[in-house]
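Undergrad: Take a look at the letters that make up each chain.
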Amino acid sequence: MFGVGFFLALAFALFAVGAFGVLTRRDPLVMFMCIEMMFNSGNLALVALSRYLGLASGHALVFFVVAVAAAEVAVGLGIIIAIFRTEKDVNVDHLSELKG
Amino acid sequence: MGLREVLLAVFAFGALAFALAVVSTRNTVYAALEFVAHLLCLAALYCLLDAPLLGVLQVMVYAGAIMVLFLFAVMMLDIQETGRESAFQGPGQVAGALLLAALLFALLVFGADRFPAAALAPAAAPGAPGVGADNVVRVARALFERGALVFEAVGVLLLTAVVAVMVMAKRRLEN
Chain W
1 MFGVGFFLAL AFALFAVGAF GVLTRRDPLV MFMCIEMMFN SGNLALVALS
51 RYLGLASGHA LVFFVVAVAA AEVAVGLGII IAIFRTEKDV NVDHLSELKG
Chain F
1 MGLREVLLAV FAFGALAFAL AVVSTRNTVY AALEFVAHLL CLAALYCLLD
51 APLLGVLQVM VYAGAIMVLF LFAVMMLDIQ ETGRESAFQG PGQVAGALLL
101 AALLFALLVF GADRFPAAAL APAAAPGAPG VGADNVVRVA RALFERGALV
151 FEAVGVLLLT AVVAVMVMAK RRLEN
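Just so you know, the sequences run in chain order W and F.
Just so we're aligned, residue 1 is where the first sequence starts under my numbering, counting upward by one.
Just so we're aligned, residue 1 is where the second sequence starts under my numbering, counting upward by one.
Quick caveat, the hints were computed from the structure, so don't treat them as lab data.
Hints are not guaranteed to be accurate.
Unchecked claim - Simulated crosslink set (DMTMM-like; lysine to aspartate or glutamate; CA at most 25 Å straight-line): (1) W/LYS88 <-> W/GLU72; (2) F/LYS170 <-> W/GLU87; (3) F/LYS170 <-> W/GLU72.
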């Protein structure tokens, strides 16, 4: 039952849940968490395939993904806080500063 | 069904359930704590999938450092102000997003199903030890032999992120 297909299906389901969250939530922090969830579903697929194929290179790739996610979170949360400092509002629907 | 299968089922279910909880909870702090639980379930899955190093890394970097950053941001932002209206977009948008997410899932499953099985044949010999044996050594070899250049690039990326955050914070102080 717990073959590589099970974990790929779980990873796809987590990716879909994360995409749904990004599209529907108004709070940018929760949207960020959902983006992280999509990162993590990719990691889960990599780990499952690594085990199935017997290769450690997938684990190295997950290492890089985690590092990139950490950098992304640091910059993203910095931007959100900077916006909140000037706007006093973090509802993503009310942000139209970059509108052309 | 052995202990490993039971644990796999529990943590797989936990990861999915906590993911759904993150998406559906109104309160941002609760969502963050549920996300920590989701990450811990994934860390347990990594350990069960012969990736103990990544399991530890997941707990330390994700559940530790990144989530502390998230909770810090929640503390900096006043949640009361955002909590007044609905946490979700309008019903039409939710329905559309649901449809899109279901389509995405179907597309991924379809794509994985159509992927040629020959390309996914295990590279290691059938009797060879799994990826869990000497895991740290093998990951280190993959990281520093074939991925050394990428490793350096990631270092530059992290440095760039640190500098970028400092620049943003400094501008705020000047105002």
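Undergrad: Tell me the hint numbers this structure goes against, listed in increasing order.
TA: When the structure is compared with the hints, none of them turns out to be violated.
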